[in-house]
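Residue numbers (our numbering): -16 to 367.
Check before you lean on any hint, since a few could be wrong.
Derived SDA-like pairs: lysine to any residue, alpha-carbon spacing no greater than 20 Å straight-line [what the hints assert, rightly or not]:
hint, residue 1, residue 2
1, K311, P325
2, K(-13), I106
3, K96, E64
4, K311, G285
FRET-style restraints, in silico, Cβ to Cβ [claimed, not checked]:
hint, residue 1, residue 2, range
5, L39, E72, 41 to 47 Å
6, A180, A258, 47 to 53 Å
7, D42, E310, 17 to 23 Å
Quick caveat, the hints were computed from the structure, so don't treat them as lab data.
Ideal Cβ positions, reconstructed from N, Cα and C, are used throughout, including at glycine.
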Amino acid sequence: MNLKLAALRRLAAECGFELAGATPVGPLPEAAFFEHWVESGLAGEMSYLTDHRARLRLDPRHLLPSARSVISVGKLYNGPEPYSTEFTESERGWISRYAWGEDYHRIVRRGLKRLAASLQREIAHVFEWRACVDTAPLLERAWARRAGLGWIGKNSCLINEPRGSWFFLGELLVSLETESAEAPADRCGSCTRCIDACPTAAIVPTGLDAGPAGVGSAPAYTVDSRLCISYFTIELRGPVPKALREGMGSHLFGCDICQDVCPWNQGAPLTPEPAFAPREIAPRLENMAQLTAEEFRSLFGGSPVTRARYSGFLRNVAVAMGNQRLEKYRAPLDRLACSPDPLVREHALWALERLEENVTEGGRGSEAALRDRGALKPQGEGSQ
């Protein structure tokens, strides 16, 4: 049974997906570069990318032994609100565009299950399938590229012409043969806007040649997670390195800058999905600093923001306040500096030191002022 692309795309659209394509299961040239990326330490502390699951990502048949094809879909999440690069309210913190609404995992997975049922009815043929969102060990962007959804940009995002990169990806592994889509050519050309705009210089050259003489299908650029704002506001469980805190700006959860500046996202279409409507795109820092753990869960429950955890979110709030250097943040930072959580306490103390840098010359230095408030951390606490 050979599933035609036209039928697949029609059914996928009926299930709420703007992009759809398919490709046979087989060796992925990108697998070699993924292994190199992990071995080079660029995954940071994301153990789910480096443990036994790393091997599973190399072949979908580890997830569905009968898989013959990968169906890849994309669901828009872009909204009409301004990009982070256009946002000017300094007393607010930025939450990444993808996390504004409900958790996408549930919505994309529900759509994939609907698509599987629609395919069963369409072809009147029983087949095995497995729905995967980004929690499954699968190189989803590589499969999406092979399935014709777009190319991989220098910022490591999948970019579609003409729709841009504001997409959630999902996959159906199926025991069907499908008509294959053609992988599009890379249309980034000589553009370096994402590289130039990254505040922490996280988009780095790989220094590798693609093809048989190099490491698989090696890209010219990749993301070093250890320098990425999204990584250390979401995935990092410990302290943000001091050298990178200023580059965080007012980001509380994730970062959109490399997508905001991408030419392919200028005039990008908007999602019709009501579940992705924002709760609040840029909450006031003062309000966030006052959240209790229960209030954090109530405010962000059912959204991706909970992945940062309460202590990680307050850590990010403290850094954002320190970067704003507003005197009005002294009181909330003093409260955070008394937190029983050493992670929150350390970053609040750093932020208070930033406020002290605004004290005029001749006034007391930051260390003396912090000692007077009883806010200095014990010797040995903190990060380099």
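Here is what the structure says about each hint:
1. K311 <-> P325: Judged against 20 Å, a Cα distance of about 23 Å means the pair is violated.
2. K(-13) <-> I106: Holds, because 10 Å separates the two Cα atoms, which is no more than 20 Å.
3. K96 <-> E64: violated, 30 Å
4. K311 <-> G285: violated, 31 Å
5. L39 <-> E72: 41 to 47 Å: holds, 43 Å
6. A180 <-> A258: 47 to 53 Å: violated, 29 Å
7. D42 <-> E310: 17 to 23 Å: violated, 57 Å
Of the numbered hints given earlier, the model fails hints 1, 3, 4, 6 and 7; all others are met.
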